[in-house]
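Protein chains: 2
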Amino acid sequence: MCPTIVNRRHSSSATAPKAAYNDSSDSVVNLNQGNPTMFETYWRKTGKKGDLLIPGCRSMSYFAEDLAGTRNQSICWFMEKEFEEEVRRIHDLVGNAVTEDRYIVVGTGSVQLYQAAIYAYALSYPLDAPDSPHPISVVCAAPYYSAYPAVTDYLKSGLYKWKGDANSFKGTNNEPYIELITSPNNPDGFIREPVVNRHGAEDGEGRAMLIHDYAYYWPQYTAITAPADNDIMLFTFSKSTGHAGSRIGWAVVKDRKMAETMTKFIELNTIGVSKDSQLRAAKILKTISDSCQQNKSDQLWNGAVAADEKLENFFYCARNLMAERWKRLRNAIKDNGFFSLPEYPKKFCNFSGQFTEAYPSFAWLKVEEEGIEDCASFLSELKILTRGGKEFGGSPLCARISMVDRQHLIDLLIERLSTFISSKRKCEKNGVIIEGGRSP
Amino acid sequence: MCPTIVNRRHSSSATAPKAAYNDSSDSVVNLNQGNPTMFETYWRKTGKKGDLLIPGCRSMSYFAEDLAGTRNQSICWFMEKEFEEEVRRIHDLVGNAVTEDRYIVVGTGSVQLYQAAIYAYALSYPLDAPDSPHPISVVCAAPYYSAYPAVTDYLKSGLYKWKGDANSFKGTNNEPYIELITSPNNPDGFIREPVVNRHGAEDGEGRAMLIHDYAYYWPQYTAITAPADNDIMLFTFSKSTGHAGSRIGWAVVKDRKMAETMTKFIELNTIGVSKDSQLRAAKILKTISDSCQQNKSDQLWNGAVAADEKLENFFYCARNLMAERWKRLRNAIKDNGFFSLPEYPKKFCNFSGQFTEAYPSFAWLKVEEEGIEDCASFLSELKILTRGGKEFGGSPLCARISMVDRQHLIDLLIERLSTFISSKRKCEKNGVIIEGGRSP
Numbered sequence: 001m002c003p004t005i006v007n008r009r010h011s012s013s014a015t016a017p018k019a020a021y022n023d024s025s026d027s028v029v030n031l032n033q034g035n036p037t038m039f040e041t042y043w044r045k046t047g048k049k050g051d052l053l054i055p056g057c058r059s060m061s062y063f064a065e066d067l068a069g070t071r072n073q074s075i076c077w078f079m080e081k082e083f084e085e086e087v088r089r090i091h092d093l094v095g096n097a098v099t100e101d102r103y104i105v106v107g108t109g110s111v112q113l114y115q116a117a118i119y120a121y122a123l124s125y126p127l128d129a130p131d132s133p134h135p136i137s138v139v140c141a142a143p144y145y146s147a148y149p150a151v152t153d154y155l156k157s158g159l160y161k162w163k164g165d166a167n168s169f170k171g172t173n174n175e176p177y178i179e180l181i182t183s184p185n186n187p188d189g190f191i192r193e194p195v196v197n198r199h200g201a202e203d204g205e206g207r208a209m210l211i212h213d214y215a216y217y218w219p220q221y222t223a224i225t226a227p228a229d230n231d232i233m234l235f236t237f238s239k240s241t242g243h244a245g246s247r248i249g250w251a252v253v254k255d256r257k258m259a260e261t262m263t264k265f266i267e268l269n270t271i272g273v274s275k276d277s278q279l280r281a282a283k284i285l286k287t288i289s290d291s292c293q294q295n296k297s298d299q300l301w302n303g304a305v306a307a308d309e310k311l312e313n314f315f316y317c318a319r320n321l322m323a324e325r326w327k328r329l330r331n332a333i334k335d336n337g338f339f340s341l342p343e344y345p346k347k348f349c350n351f352s353g354q355f356t357e358a359y360p361s362f363a364w365l366k367v368e369e370e371g372i373e374d375c376a377s378f379l380s381e382l383k384i385l386t387r388g389g390k391e392f393g394g395s396p397l398c399a400r401i402s403m404v405d406r407q408h409l410i411d412l413l414i415e416r417l418s419t420f421i422s423s424k425r426k427c428e429k430n431g432v433i434i435e436g437g438r439s440p
Numbered sequence: 001m002c003p004t005i006v007n008r009r010h011s012s013s014a015t016a017p018k019a020a021y022n023d024s025s026d027s028v029v030n031l032n033q034g035n036p037t038m039f040e041t042y043w044r045k046t047g048k049k050g051d052l053l054i055p056g057c058r059s060m061s062y063f064a065e066d067l068a069g070t071r072n073q074s075i076c077w078f079m080e081k082e083f084e085e086e087v088r089r090i091h092d093l094v095g096n097a098v099t100e101d102r103y104i105v106v107g108t109g110s111v112q113l114y115q116a117a118i119y120a121y122a123l124s125y126p127l128d129a130p131d132s133p134h135p136i137s138v139v140c141a142a143p144y145y146s147a148y149p150a151v152t153d154y155l156k157s158g159l160y161k162w163k164g165d166a167n168s169f170k171g172t173n174n175e176p177y178i179e180l181i182t183s184p185n186n187p188d189g190f191i192r193e194p195v196v197n198r199h200g201a202e203d204g205e206g207r208a209m210l211i212h213d214y215a216y217y218w219p220q221y222t223a224i225t226a227p228a229d230n231d232i233m234l235f236t237f238s239k240s241t242g243h244a245g246s247r248i249g250w251a252v253v254k255d256r257k258m259a260e261t262m263t264k265f266i267e268l269n270t271i272g273v274s275k276d277s278q279l280r281a282a283k284i285l286k287t288i289s290d291s292c293q294q295n296k297s298d299q300l301w302n303g304a305v306a307a308d309e310k311l312e313n314f315f316y317c318a319r320n321l322m323a324e325r326w327k328r329l330r331n332a333i334k335d336n337g338f339f340s341l342p343e344y345p346k347k348f349c350n351f352s353g354q355f356t357e358a359y360p361s362f363a364w365l366k367v368e369e370e371g372i373e374d375c376a377s378f379l380s381e382l383k384i385l386t387r388g389g390k391e392f393g394g395s396p397l398c399a400r401i402s403m404v405d406r407q408h409l410i411d412l413l414i415e416r417l418s419t420f421i422s423s424k425r426k427c428e429k430n431g432v433i434i435e436g437g438r439s440p
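Taken in sequence, the protein lines are chains H and Y.
Residue numbering for the first sequence follows the UniProt record's numbering, beginning at 1 and increasing consecutively.
Residue numbering for the second sequence follows the UniProt record's numbering, beginning at 1 and increasing consecutively.
By construction, these hints were calculated from the structure, which means they are not laboratory data.
All values reported here derive from a predicted model rather than from experimental measurement.
Hints may be right or wrong, so weigh each one.
The list makes no distinction among identical chains, and a pair is therefore deemed to hold if it is satisfied within one copy or across any two copies.
[As the list claims (entries may be wrong)] Quick list of in silico lysine-lysine cross-link-like pairs, BS3-like style, CA-CA up to 30 angstroms: (1) K81 with K283; (2) K257 with K156; (3) K334 with K257; (4) K156 with K170; (5) K310 with K156; (6) K383 with K264; (7) K327 with K429; (8) K264 with K163; (9) K48 with K81; (10) K156 with K264; (11) K327 with K390; (12) K286 with K424; (13) K161 with K286; (14) K366 with K424; (15) K170 with K45; (16) K383 with K161; (17) K390 with K346; (18) K327 with K424; (19) K429 with K383; (20) K424 with K45; (21) K429 with K390.
Could you build the full structure based on these sequences and the hints that come with them?
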């Protein structure tokens with residue numbers, strides 16, 4: 001059976017050839033979310049090293065306290081001390097962020113910290129002034145993380161407002177604004193810089209307030225080229241180690257007042273952050289840092305198996321797995337021209353000491369075939385659920401596919417794409433045309 | 001040395017007699033927050049029964065899944081199944097809420113669920129209608145939990161707005177509103193019912209949207225007179241078991257659509273709720289339910305020590321401790337008329353099968369002495385930090401004192417109050433007057 005692509009540029013009910021794949025399962029492959037469950041395999045292998053025992057009487061207080069009940073003196077009064085220590089340690093080891101003389105603020109995932117950051121920036125302008133700039137515009141270059149618009153606007157806040165693509169943002173003269181920079185970017189994996197260039201803004205007015213989302217600035221996804229050093233930098237446990245269920249993120253913040261206001265936001269929003277998950281994050285980050293220090297030099301990226309007593313370097317394992325997935329995906333769609341994927345230049349990674357490609361958390365797949373308008377709809381007919389480009393303020397010709405889910409889903413994805421592409425190739429060779437996947 | 005109370009009704013710098021107490025420590029007794037650390041003693045005694053081991057590979061997904069990766073089919077897609085089961089089980093055992101045919105929604109503490117509930121109620125009215133009632137008024141009878149105004153208004157939402165004391169709320173005809181009912185009430189411990197009575201509102205218009213906050217409706221604080229059965233009922237791990245650091249709360253919700261919208265709020269706010277803390281809450285709630293079932297009948301309230309193999313009934317232990325604290329506090333201020341405390345009628349508790357008094361989580365202490373305007377300021381000069389009545393929309397003659405903090409703080413509180421009261425009694429007897437605590 002061969003698939004046929006008829007011109008559907010003007011069709012609202014574009015259908016992909018359902019007969020184009022024939023794997024053992026007819027199940028839906030849901031790669032819509034970026035659920036980082038691929039890292040489970042590593043954590044299963046670590047045995048007790050990644051386990052955490054929480055005694056029934058531990059961390060019952062609202063406040064972060066040591067075992068004697070003495071409170072942590074951090075600005076972020078609900079942050080467990082060992083969590084902060086392990087955050088600073090892993091950044092030092094990986095070299096992806098400056099943390100010296102910076103404040104750490106823990107959050108219930110980085111999406112809470114994003115809201116804390118826009119809240120703190122908005123409050124840096126007096127609310128009751130006659131020329132109050134509120135709601136302050138929030139922008140991000142498209143394609144941007146699909147949750148940003150809804151997370152910014154769901155409460156119809158008078159403090160800030162989503163204004164879409166930063167590339168087309170003008171605003172009025174001297175109007176302050178908040179620009180989000182996700183780097184590497186979700187959905188497309190590219191390294192990003194701010195794009196709004198406000199010429200003519202006077203000093204202290206119309207200033208850019210930047211939030212750098214570094215969720216994916218870890219060695220398994222991209223080369224670590226320099227320690228990031230920006231005003232507000234967001235990181236998340238989900239994407240760094242794979243523990244999305246713990247809902248832990250952290251911000252590295254330069255300005256004391258901003259760190260205080262972000263902490264205040266989290267106090268009002270959830271009266272702090274789960275201490276159980278902070279303790280777990282501390283344990284997991286420690287396990288990773290230990291694994292890096294035990295396997296620092298020559299084993300990295302080389303595939304050598306760690307000795308019995310040692311843990312395999314987490315980033316080495318994770319990166320090898322990502323590289324293998326990307327290789328298979330690129331191979332599945334190659335030499336055909338039906339789909340394309342972004343190309344990422346090799347860069348020198350200070351962490352590994354090698355030139356490396358990027359292997360992003362998401363594949364930003366573009367359909368190149370004339371006649372297909374919507375990549376996600378097309379893929380859904382292959383029973384591959386993805387997130388369409390429009391949801392990212394981008395083109396519907398693109399779709400975002402999670403590359404960090406469990407192995408059997410990635411296997412099915414690649415099997416279905418390969419089958420479809422090779423069927424199409426055969427049909428083209430034979431000149432057979434079948435409409436809508438029906439047998440001739 | 002004797003304290004003197006001069007008339008300071010018009011003085012802005014009222015000072016309490018600093019010489020009025022003389023305990024071994026000069027430290028500040030901070031009972032401003034309701035930090036439920038008193039329950040640590042119970043959990044220390046439970047040994048391994050309250051411990052939780054979390055393997056490194058557990059609950060990494062955003063979704064609630066069983067060990068085979070099958071997703072929980074609950075509306076609340078991030079809720080761990082065992083958490084939900086233990087929530088339903090403990091309500092059944094305690095008899096404080098109807099959960100059959102009700103939806104459970106887990107939250108990052110009940111403060112997040114409060115926001116989820118006002119969001120869901122606000123969205124039950126179309127946003128884009130020309131006669132949109134937004135922002136919808138949110139009210140609560142004073143004195144009310146001091147965090148409600150700030151938590152409602154910090155984002156200057158266009159959906160809802162804090163309108164203060166429900167007793168004086170009128171609104172316009174047929175204007176919908178949200179009324180919060182905290183019962184037993186924070187700060188004053190009384191059982192509450194809705195107070196807004198909107199006569200003349202037409203059917204479906206101007207309807208009351210009620211949120212019942214049942215944080216303190218547990219047997220250690222009050223008699224369980226009937227299973228509560230209201231539209232949206234909020235409970236919290238903090239006050240029921242003492243685990244404030246875990247940031248876990250839950251809502252019991254009648255309407256499916258409301259439960260869905262509350263879940264959506266939590267998705268947008270924090271993409272779910274810490275699974276580590278859900279698992280811990282499940283374990284702790286299970287331990288309590290087991291302790292109740294093992295010691296159901298005659299041991300309850302009678303002070304009998306559980307056999308070696310059994311856990312003491314948690315609610316029995318917690319209630320005895322609360323009763324003892326309240327007895328000592330009432331004793332410290334009695335027969336003097338300087339301070340007063342609310343009196344709570346004895347009620348029949350279905351859980352214990354006995355008539356019992358209430359022993360609220362907070363003491364709502366009122367200063368009765370002519371000349372003292374601000375109870376919290378007065379107490380602060382005895383180095384007792386409390387929260388002043390004004391913060392609850394109430395009288396500054398009252399102050400809220402946490403009764404659930406660690407034992408040594410409660411001991412210091414009672415020691416200082418006793419010393420002050422007995423010094424004052426001696427002075428009155430001797431007719432000695434000393435200004436501002438200075439020696440004569």
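Going through the hints against the structure:
1. K81 with K283: So K81 and K283 pass the 30 angstroms test inside a copy (12 angstroms) and across (25 angstroms) alike.
2. K257 with K156: This pair counts as both: shortest intra-copy Cα distance 25 angstroms, inter-copy 21 angstroms.
3. K334 with K257: Close neither inside one copy (51 angstroms) nor across copies (46 angstroms); limit 30 angstroms.
4. K156 with K170: Intra 22 angstroms, inter 25 angstroms, cutoff 30 angstroms: intra and inter.
5. K310 with K156: Neither: 51 angstroms inside a copy, 53 angstroms across copies.
6. K383 with K264: between (45 angstroms within a copy, 26 angstroms between copies)
7. K327 with K429: within (26 angstroms within a copy, 91 angstroms between copies)
8. K264 with K163: Intra 25 angstroms, inter 22 angstroms, cutoff 30 angstroms: intra and inter.
9. K48 with K81: For K48 and K81, both the intra-copy (22 angstroms) and inter-copy (25 angstroms) Cα distances are at most 30 angstroms.
10. K156 with K264: So K156 and K264 pass the 30 angstroms test inside a copy (20 angstroms) and across (15 angstroms) alike.
11. K327 with K390: Answer is within; shortest intra-copy Cα gap is 27 angstroms, inter-copy 65 angstroms.
12. K286 with K424: neither (49 angstroms within a copy, 57 angstroms between copies)
13. K161 with K286: Neither, since 38 angstroms and 44 angstroms both go past 30 angstroms.
14. K366 with K424: For K366 and K424, only the intra-copy Cα distance (17 angstroms) is at most 30 angstroms; the inter-copy one is 82 angstroms.
15. K170 with K45: neither (51 angstroms within a copy, 63 angstroms between copies)
16. K383 with K161: Neither: 36 angstroms inside a chain and 45 angstroms across chains, both beyond 30 angstroms.
17. K390 with K346: within (29 angstroms within a copy, 62 angstroms between copies)
18. K327 with K424: Classified as within: same-chain Cα gap 21 angstroms, cross-chain 83 angstroms, threshold 30 angstroms.
19. K429 with K383: The answer is within: 26 angstroms in one copy meets 30 angstroms, while 89 angstroms across copies does not.
20. K424 with K45: Result: close neither inside a copy nor across copies, 40 angstroms intra and 68 angstroms inter.
21. K429 with K390: neither (34 angstroms within a copy, 82 angstroms between copies)
The structure shown violates the earlier hints numbered 3, 5, 12, 13, 15, 16, 20 and 21.
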